[in-house]
Amino acid sequence: MEEGTQLQVSIDKLPIKRLESIEENGIERFPSDVDYDEKRLSLIRRIDFAWAVEKDDEEKNKKQKKASKEASTPWQWQSMVENLQLAHQELSVIIDLINTVEANDAVTVASMTRPKLLPNEALSDLAVSAATKLQCYRHVGKYFKQSAKAFERQVAREARFYGALIRLQQNWKVKRQRQAAIAPGSEGFTFDLFDTSYDQGTIYRSSSMSTVRVNHDTAGMLAINISPNSCHTLQFGFVGAESEERRGTSDKHESDLSDEHHTEETDKKPLNDEECVKKTHSLLREVHKAIFNEQVFDLVNREAFNTSTGVTVTGIRENYLQLSLGQGTAVYLSLVSSDQDHSAVEGESNNDVENAIVPLESSDEMECDAKLNTRKKEGQFYHSTCYEIYIQQIFHDYIFGSGSEKSVSSGSRLSGAQAKDGSGLLGHFFMSLAHRIFSTKVLTELENVACKVPYLQLISNPTWNSRASSWTLFMEVPQSIIRTSDFNEKNASKRQFWTKVSVNDDCINVKAEGSPNVSGLFKGKAEETHTINRYDCNIADLAVVILQQVASQIINWLYQEALMVGIKVNRDFLSLCFELEQGETLCLNANVDPEDIEGCISWWLVMEDSFAEEQKLQMNMNINDGASEYKKFLGHLSLELLYATLMDLVGLCCGGGGGGGGGH
Amino acid sequence: MNKGGPVGGGGLGVGGSGPTAAAAAAAAQKQKTLLQRVEGDIANIVDNFSHLVNVARVNDPPVRNSQESFMMEMRAARMVQAADSLLKLVSELKQTAIFSGFASLNDHVEQRRVEFSELGEKTDRLLSRIGEEAAASLKELETHYSSSAQKNLQNLKP
Chain S
1 MEEGTQLQVS IDKLPIKRLE SIEENGIERF PSDVDYDEKR LSLIRRIDFA
51 WAVEKDDEEK NKKQKKASKE ASTPWQWQSM VENLQLAHQE LSVIIDLINT
101 VEANDAVTVA SMTRPKLLPN EALSDLAVSA ATKLQCYRHV GKYFKQSAKA
151 FERQVAREAR FYGALIRLQQ NWKVKRQRQA AIAPGSEGFT FDLFDTSYDQ
201 GTIYRSSSMS TVRVNHDTAG MLAINISPNS CHTLQFGFVG AESEERRGTS
251 DKHESDLSDE HHTEETDKKP LNDEECVKKT HSLLREVHKA IFNEQVFDLV
301 NREAFNTSTG VTVTGIRENY LQLSLGQGTA VYLSLVSSDQ DHSAVEGESN
351 NDVENAIVPL ESSDEMECDA KLNTRKKEGQ FYHSTCYEIY IQQIFHDYIF
401 GSGSEKSVSS GSRLSGAQAK DGSGLLGHFF MSLAHRIFST KVLTELENVA
451 CKVPYLQLIS NPTWNSRASS WTLFMEVPQS IIRTSDFNEK NASKRQFWTK
501 VSVNDDCINV KAEGSPNVSG LFKGKAEETH TINRYDCNIA DLAVVILQQV
551 ASQIINWLYQ EALMVGIKVN RDFLSLCFEL EQGETLCLNA NVDPEDIEGC
601 ISWWLVMEDS FAEEQKLQMN MNINDGASEY KKFLGHLSLE LLYATLMDLV
651 GLCCGGGGGG GGGH
Chain E
1 MNKGGPVGGG GLGVGGSGPT AAAAAAAAQK QKTLLQRVEG DIANIVDNFS
51 HLVNVARVND PPVRNSQESF MMEMRAARMV QAADSLLKLV SELKQTAIFS
101 GFASLNDHVE QRRVEFSELG EKTDRLLSRI GEEAAASLKE LETHYSSSAQ
151 KNLQNLKP
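Just so you know, the sequences run in chain order S and E.
Under UniProt numbering, the residues of the first sequence are numbered 1 to 664, in order.
Under UniProt numbering, the residues of the second sequence are numbered 1 to 158, in order.
Hints may be right or wrong, so weigh each one.
Once the Cα atoms are required to be at most 30 Å apart in a straight line, the calculated DSSO-like pairs of lysine-lysine come out as [as the list claims (entries may be wrong)]:
hint, chain 1, residue 1, chain 2, residue 2
1, S, Lys441, E, Lys139
2, S, Lys116, S, Lys39
3, S, Lys142, E, Lys88
4, E, Lys94, S, Lys145
5, S, Lys55, S, Lys66
6, E, Lys94, S, Lys149
7, S, Lys65, S, Lys55
8, E, Lys139, S, Lys173
9, E, Lys30, S, Lys278
10, S, Lys289, E, Lys122
11, S, Lys149, S, Lys60
12, E, Lys30, S, Lys175
13, S, Lys173, S, Lys279
14, S, Lys173, E, Lys32
15, S, Lys145, E, Lys122
16, S, Lys145, S, Lys116
17, E, Lys94, S, Lys278
18, E, Lys94, S, Lys175
19, E, Lys88, E, Lys30
Honestly, the hints are just simulated from the structure, not real lab data.
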């Protein structure tokens with residue numbers, strides 16, 4: 001019992017039979033024996049539960065009073081709490097009953113039957129079950145939603161990845177590694193950038209960049225990791241002009257680096273799929289080019305030691321090869337990574353972009369201000385970029401083959417044997433390089449001559465051949481000298497004279513029109529009216545040979561003009577002689593001197609007779625003495641003045657008289 | 001044996017015109033396997049979903065409800081697993097398409113080759129045109145230079 005509860009004691013009657021009734025006839029009637037079950041039931045009924053009920057009533061009254069006081073804030077679980085408390089009390093009563101029954105041997109539990117549920121209790125049980133099941137379904141539904149979101153993300157990731165991969169596969173070879181050592185999260189895809197056109201048997205440097213692993217970035221998109229140091233570019237240059245070359249090429253590498261920096265900055269911004277694919281494509285192309293550059297370097301490295309190429313290896317380092325072409329020309333070929341080039345540029349200039357432009361302008365200024373003697377040395381350094389492209393083109397055609405047999409602007413047309421033989425390529429390249437350097441020197445000489453002789457015009461004849469160059473020195477009789485009687489083409493004297501200079505490799509060939517060809521005159525063809533003189537010469541004698549040819553052409557022209565007017569003249573290579581009366585001859589002689597600043601071709605008038613020759617032999621006169629009465633220095637005459645001089649001499653011959661023979 | 005267009009590794013052409021009959025048979029077998037997987041996964045999903053729906057009835061004994069809740073979780077997990085299997089199948093199909101789509105790849109490569117050939121020819125023509133223009137400009141400039149040199153020298157002469 002709980003404390004505070006009044007203790008009540010009930011006293012049972014003594015278990016003796018008491019007379020229940022007595023009849024008139026004296027028969028005693030005793031109460032019947034109580035059945036065991038009935039006896040037990042009576043004992044159970046004697047248990048008084050009133051105290052519990054009263055207690056409940058008191059508590060209810062109290063709670064009602066509290067509820068009335070706190071009517072403004074009802075708690076939603078209050079009813080449930082009350083129900084639970086009631087259930088707890090009932091359970092405690094039952095537990096007490098069970099304990100009492102267990103303690104009391106006279107009373108045992110016969111059976112237990114669940115009381116029939118009341119409708120509301122049944123419905124509440126059903127509601128609880130339904131709520132539980134609903135909760136299960138909601139849990140399952142939440143699980144399905146989470147899974148669906150995860151699947152959607154995975155599908156989107158895979159769609160992006162495989163979409164990009166399929167698009168890149170259209171241009172690049174995709175391989176898959178099915179090995180177990182694949183990193184988690186990666187399907188083992190790789191890009192194989194090594195071209196099958198490369199000759200496997202001759203490749204020494206197996207490029208580690210040829211296999212590019214395909215990874216996923218944080219967004220699940222396709223990504224490739226390429227170190228910028230691993231991509232090398234081919235650099236060709238002349239030893240001694242490294243600073244100019246590096247500045248000249250710095251702008252190209254600056255543009256590449258600026259693109260790289262730009263992409264690095266934009267990496268932080270989310271790229272859409274299109275940009276991502278383009279960026280990956282660009283990176284793969286950079287690696288592809290780097291592999292090709294490595295192959296070119298390897299081929300050059302291998303062929304450079306072949307003596308038939310005509311070059312000598314003078315320096316070799318890692319990714320660097322220095323070659324000597326002879327005559328003081330040395331070139332280098334190197335593989336430069338973008339970082340090395342960038343650091344070299346930074347070491348030379350502070351502001352990369354602006355200073356990248358300035359050297360080009362300064363080089364233009366150098367071109368404008370360069371004298372002919374200094375241009376000889378600097379001209380060879382201006383074409384290193386084109387040589388770089390040229391050597392790449394040569395080996396590209398060798399490795400991959402040209403796309404079509406026809407090459408419209410083939411500057412590198414090779415013979416069939418050379419095209420198929422790699423060893424001849426390097427020789428061809430360096431011979432082209434040597435030819436370019438040599439032809440620059442030849443051009444300098446020709447420009448020197450053309451500059452000093454005003455009636456000579458230098459015309460370049462593009463050959464579109466890397467080992468052949470051609471120029472024409474053209475001389476035309478001025479229009480003012482043309483006579484009206486020369487309108488008839490057949491009888492007109494030749495008015496245009498040319499001298500053609502061809503350079504094949506390092507051989508100079510001079511071809512010029514010479515004296516008129518008799519048979520050609522009868523044929524009437526312009527190209528066959530004159531003989532063609534052909535000379536092979538070296539560069540030291542080139543200027544003299546050219547000037548002699550030009551002077552002889554002038555002599556021929558004057559000779560023809562004299563014949564046209566009916567004067568009998570004699571012609572030598574550089575001399576035109578008029579016969580005067582009394583056995584005297586008046587000669588117009590040409591003197592060529594390439595070093596003459598005022599003009600390379602000067603003219604002398606020489607009077608020769610029997611007395612003059614004897615005196616000349618005796619006195620051993622200096623031919624350059626203009627004050628001699630037998631020689632007269634006329635100077636550097638133009639064509640008009642020469643023609644006028646000729647007419648004067650013709651008049652002298654016609655008019656006769658020794659007074660004019662002195663030619664004063 | 002070949003059902004419709006080539007699926008999976010069946011990029012060898014219709015009608016067994018591929019390199020070998022064994023390859024065609026292997027492709028057909030792989031196609032059959034993939035279809036079985038697809039059907040199995042979908043049947044799995046449908047079966048588990050139907051069980052989920054059938055378990056919706058509320059039973060009197062609460063114990064059975066607990067049992068059914070565990071079963072529902074199990075069925076849901078199986079459904080998700082089947083869906084994941086289907087997704088992996090799709091990934092495999094995509095990978096197979098990448099490595100077996102020779103027809104489209106060849107067509108595209110041929111198309112690109114033609115494009116690049118045209119681009120190469122166009123570049124060659126452009127280079128030749130540039131060369132011709134450069135030669136013409138050079139000739140013109142040489143003519144101008146010659147005429148200007150003559151003028152300078154004539155001015156210098158008295």
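Right, here's what the structure says about each hint:
no.: 1; hint: S:Lys441 with E:Lys139; verdict: holds, 20 Å
no.: 2; hint: S:Lys116 with S:Lys39; verdict: holds, 26 Å
no.: 3; hint: S:Lys142 with E:Lys88; verdict: holds, 23 Å
no.: 4; hint: E:Lys94 with S:Lys145; verdict: holds, 26 Å
no.: 5; hint: S:Lys55 with S:Lys66; verdict: holds, 16 Å
no.: 6; hint: E:Lys94 with S:Lys149; verdict: holds, 21 Å
no.: 7; hint: S:Lys65 with S:Lys55; verdict: holds, 15 Å
no.: 8; hint: E:Lys139 with S:Lys173; verdict: violated, 49 Å
no.: 9; hint: E:Lys30 with S:Lys278; verdict: violated, 35 Å
no.: 10; hint: S:Lys289 with E:Lys122; verdict: holds, 22 Å
no.: 11; hint: S:Lys149 with S:Lys60; verdict: violated, 53 Å
no.: 12; hint: E:Lys30 with S:Lys175; verdict: holds, 21 Å
no.: 13; hint: S:Lys173 with S:Lys279; verdict: holds, 17 Å
no.: 14; hint: S:Lys173 with E:Lys32; verdict: holds, 29 Å
no.: 15; hint: S:Lys145 with E:Lys122; verdict: violated, 57 Å
no.: 16; hint: S:Lys145 with S:Lys116; verdict: violated, 42 Å
no.: 17; hint: E:Lys94 with S:Lys278; verdict: holds, 21 Å
no.: 18; hint: E:Lys94 with S:Lys175; verdict: holds, 14 Å
no.: 19; hint: E:Lys88 with E:Lys30; verdict: holds, 15 Å
Hint compliance for this structure: hints 8, 9, 11, 15, 16 are broken, all remaining hints hold.
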